[in-house]
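**Q** Given the sequences, and given the hints that come with them, work out the whole structure.
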Amino acid sequence: MTGLTPPNGLAPPNGLAPLTGRARPDRVPHTLAEWQALGGYGAVARALRMTPREVVDMVAEAHLNGRGGAGFPAAHKWRFMPEPGTTPGDGPSYLIVNGDEMEPGAFKDRLLLEALPHQVIEGATIAAYGTHASEVIVLIRDAYRGGIAAMQRAIAEAEAAGLLGQNILGSGFSLRMRVHPSAGRYIVGEETALIEALEGKRAVPRKRPPFPAQVGLWGRPTTVNNVETISLVPHILEHGAQWFRALSRTEEGGTKLYGVSGRVNRPQLIEAPMGTTARELIDRCGGVSGNGVLRCFQPGGGASGFLEPGDLDVPLDFGHTARAGSMFGTGTLIVLDQTACPVGVTARHMRFYARESCGWCTPCRDGLPWAARILDALEEGTATRSDLDVLAMTAAEAGPRGRSFCDLMGGAMGPLASLLARFGDLVAAHLDGGCPIRRGML
Amino acid sequence: MTLPADLATRIRAAVDHDGSPQAAMLEALRLIQHAEGWVSDERLAEAAEVLGVGVAELENLATFYSLIFRRPVGETVILLCDGAPCWLNGGDAVRDALFARLGIGFGQTTADGRYTVINMACVGGCDRAPAAVVGRDRRLVGPLSPDGLAALLEGGL
Ligand SMILES: Cc1cc2nc3c(=O)[nH]c(=O)nc-3n(C[C@H](O)[C@H](O)[C@H](O)COP(=O)(O)O)c2cc1C
Ligand code: SF4
Chain D
1 MTGLTPPNGL APPNGLAPLT GRARPDRVPH TLAEWQALGG YGAVARALRM TPREVVDMVA
61 EAHLNGRGGA GFPAAHKWRF MPEPGTTPGD GPSYLIVNGD EMEPGAFKDR LLLEALPHQV
121 IEGATIAAYG THASEVIVLI RDAYRGGIAA MQRAIAEAEA AGLLGQNILG SGFSLRMRVH
181 PSAGRYIVGE ETALIEALEG KRAVPRKRPP FPAQVGLWGR PTTVNNVETI SLVPHILEHG
241 AQWFRALSRT EEGGTKLYGV SGRVNRPQLI EAPMGTTARE LIDRCGGVSG NGVLRCFQPG
301 GGASGFLEPG DLDVPLDFGH TARAGSMFGT GTLIVLDQTA CPVGVTARHM RFYARESCGW
361 CTPCRDGLPW AARILDALEE GTATRSDLDV LAMTAAEAGP RGRSFCDLMG GAMGPLASLL
421 ARFGDLVAAH LDGGCPIRRG ML
Chain F
1001 MTLPADLATR IRAAVDHDGS PQAAMLEALR LIQHAEGWVS DERLAEAAEV LGVGVAELEN
1061 LATFYSLIFR RPVGETVILL CDGAPCWLNG GDAVRDALFA RLGIGFGQTT ADGRYTVINM
1121 ACVGGCDRAP AAVVGRDRRL VGPLSPDGLA ALLEGGL
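Protein sequence lines, in the order shown, are assigned to chains D and F. The first sequence begins at 1 in the numbering used here and counts up one residue at a time. The second sequence begins at 1001 in the numbering used here and counts up one residue at a time.
Among these hints, one or two may not hold up.
The calculated label-pair distances, taken between Cβ atoms and stated as ranges, are [said to hold, decoys possible]:
no.	chain 1	residue 1	chain 2	residue 2	range
1	F	T1009	D	A322	48 to 54 Å
2	F	S1145	D	G172	53 to 59 Å
3	F	F1106	D	V390	23 to 29 Å
4	F	S1145	D	V28	23 to 29 Å
5	F	T1009	D	G91	25 to 31 Å
6	D	G219	F	E1036	33 to 39 Å
7	F	A1005	D	V28	44 to 50 Å
8	F	H1034	D	P82	37 to 43 Å
Hints are computed from structural coordinates only; laboratory data are not their basis. Note that the Cβ used here is the ideal one computed from N, Cα and C, for glycine as well.
**A** So this is what it looks like as structure tokens:
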């Protein structure tokens, strides 16, 4: 079992790992009684004594950026939600907790759903209160059966205790919460595609504007937030915005649940201050495995561009990672040593994106399988020089935002563009008989 | 109509729970798959009737999502991760050993009907790479090794 909060120099100030510190070592979810004994639901009681506006202001003050990939400030998104009575027609407003998590390298929401379901409920209740939502849907990928079961059980317990349902804690605020399993496909995680999926349609992204806060699920105001974003909310309410900001080493508040995988000796989840560096995270994982020498890493999951040993001390948050030429995304590090080939890694990512695209736009539907085939051919040694031109053209033409309908295509181009930019010689060396690393030539 | 009564009841309950027949379509497919392992044409048509939606409408959905199986699968479905983190930790060797042992490739079912192997990424077990999720309860297993496969398969996974 991976340690989440061992005593070490990486622990957040005060030795706190607020997000995961209360997880049981065996990762069995807490019962409601256990959770309350740990102080659970105190944050909900506190939030419900405040006005929704005060709650949102506090989250704004905390500098909480969304943990689902784009890093958009949570409070800013919440403020798009209309005040009750200002939207035409009747019906609920929704909060959707996004637990689809399929991005290669990302495995953080799994832990939060499986081991800390009451924390998700607390966060969702507070976020729903702040956004005037009356229904919460927790969307969880079907493969996370443990998370689905844990959330369902925890919701039932909270309902039975009056912590969900009508007039929560006598505050006058009522909230319904339910779990919706998704049946697989990465594009379901895109927020508008997710809304389509919940309406019983194919998960094809919607045009924006209108944004979900105006026209979302069933045409009603809707906010979509990531599981980790939501799980951080109770801690802000419990300890205050300044405390939350002080957890971080950068301007972006809080701790981050970093996932480290690939060529490290002990791949694991690590909760650490926002702005922790790859060097520290890799050290914490027992160092680079393989031949022990780092070649490169992706700092933010499958869609993020490669960074190199010279970037080991970049503070990993949304802003710093973008300035270093990559993307923080889900904050999940994929590590490659010198015996691992970035062409092979990119090939596997590309096959993933090709398979998981919704197929709506031609560049994505046709371009991704094409790029994937060329990368496979490079590995096998059957690619030609003109294939490299096609790859370069694909990255240049299809990569920039706005060239395709949603960010899946642009995301898929992230590793490809940086592969070509940083490892052009290595890519070209594949033309001569396939992967030189695999053949022991490098 | 031969849809087992309990399935029909649960599909109707899903409509109440999810708020509309449309919203419950995916759940209906999942309920059938949970009970029978896969979703046959017959069951799909029966579910459409219970829901009051078109067969094509339900089919449209069923063919979009990768975890709705429209062909029979073995008793145990192995969703083996083919994502980059698993590859970096020896995923190809595990895949090859599994194929050799079972005599099948991705998307195929063993002759005795015990196992189906499907590739999928990412299974969200990158800290346990190479990883897979197995069986109806989608249990996460890993790190897998070629040598450990025998015990895993013989132990019923
Ligand atoms: C192709 C694609 C897949 C996505 N998958 C997920 C996902 O699985 N989970 C998630 O939280 N966000 C995912 N996102 C981002 C969501 O669209 C959305 O920005 C996020 O859920 C908002 O939450 P946050 O503001 O709390 O970060 C995805 C985006 C794209 C373009
Ligand atoms: S970019 Fe790809 S995933 Fe996004 S809408 Fe277009 S086809 Fe679908």
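**Q** Of the numbered hints stated earlier in the document, which are not met by this structure?
**A** Hint 7 is the one this structure does not satisfy, whereas the remaining hints hold.
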